[in-house]
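K.L.:
Heads up, the sequence shown is in our numbering, so the first residue is -11 and it goes up one at a time.
It is worth saying that the hints were derived from the structure and are not from the lab. Please note that a few of the clues may not be correct.
Okay, the calculated beta carbon distance ranges per label pair [unchecked claim]:
no., residue 1, residue 2, range
1, E(-2), A20, 38 to 48 Å
2, T77, R(-5), 42 to 52 Å
3, E47, A81, 20 to 30 Å
4, R(-5), G75, 25 to 35 Å
5, D76, Q43, 18 to 28 Å
6, A105, L85, 25 to 35 Å
7, R(-5), E133, 48 to 58 Å
8, F104, E(-2), 37 to 47 Å
9, E133, A98, 45 to 55 Å
10, P49, V17, 35 to 45 Å
11, T103, P132, 43 to 53 Å
12, P35, T57, 17 to 27 Å
13, A81, A36, 19 to 29 Å
Owing to the predicted nature of the structure, the values given are computational and were not obtained by experimental measurement. Note that beta-carbon positions come from the ideal geometry of N, C-alpha and C, so glycine has one too.
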Amino acid sequence: MAGRGPRPKEAHRLAGNGAAKARLGELRVIHAEPVAQPELPDHVDWPAETRQWWQMWAESPLSADFTSTDWSELRDTALLHAQLWSGDTKVAAELRLRVAKFGATPEDRARLRITFAQADEADDKRPAAQSSRSRRSGGLKALPEAQ
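Take these sequences, add in the hints, and give me the full structure.
P.N.:
Shown next, in the form of structure tokens:
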């Protein structure tokens, strides 16, 4: 049958370090205290857009658990944001990459496996799902044939 290909190898036959494969699912859990957002440094002439962007991060639920290293990285990213809004478009790609690591867009959050609680609550309030047939027909009904 076309497109099926050969049967996958058994796990024990896969190439690579067995210890490394065993660690793939492991996480290192550490205790970290969230810290308040620091002020933007005074020695930079921050564009208004960057000040608004920095405030947006302060108010975002994504930043509730940020540690000092997170804020440090985001403050460095603010410099790129300021450069972009000051007309330096060469920093746009690096800015996009950096804010993606913090979950700035819905696509970034999906990749990071982050969801907002409101979505779960909204799903709970949604009426029971329609059958797939009634969704496809959009609630249309067949009329008797004319003779």
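K.L.:
All hints are to be evaluated individually against the structure, with a verdict given for each.
P.N.:
Each hint tested on the structure:
no.: 1; hint: E(-2) to A20: 38 to 48 Å; verdict: holds (39 Å)
no.: 2; hint: T77 to R(-5): 42 to 52 Å; verdict: holds (50 Å)
no.: 3; hint: E47 to A81: 20 to 30 Å; verdict: holds (26 Å)
no.: 4; hint: R(-5) to G75: 25 to 35 Å; verdict: violated (57 Å)
no.: 5; hint: D76 to Q43: 18 to 28 Å; verdict: holds (22 Å)
no.: 6; hint: A105 to L85: 25 to 35 Å; verdict: holds (27 Å)
no.: 7; hint: R(-5) to E133: 48 to 58 Å; verdict: holds (51 Å)
no.: 8; hint: F104 to E(-2): 37 to 47 Å; verdict: holds (40 Å)
no.: 9; hint: E133 to A98: 45 to 55 Å; verdict: holds (47 Å)
no.: 10; hint: P49 to V17: 35 to 45 Å; verdict: violated (22 Å)
no.: 11; hint: T103 to P132: 43 to 53 Å; verdict: holds (47 Å)
no.: 12; hint: P35 to T57: 17 to 27 Å; verdict: holds (25 Å)
no.: 13; hint: A81 to A36: 19 to 29 Å; verdict: holds (23 Å)
Consistency note: the structure conflicts with the earlier hints numbered 4 and 10.
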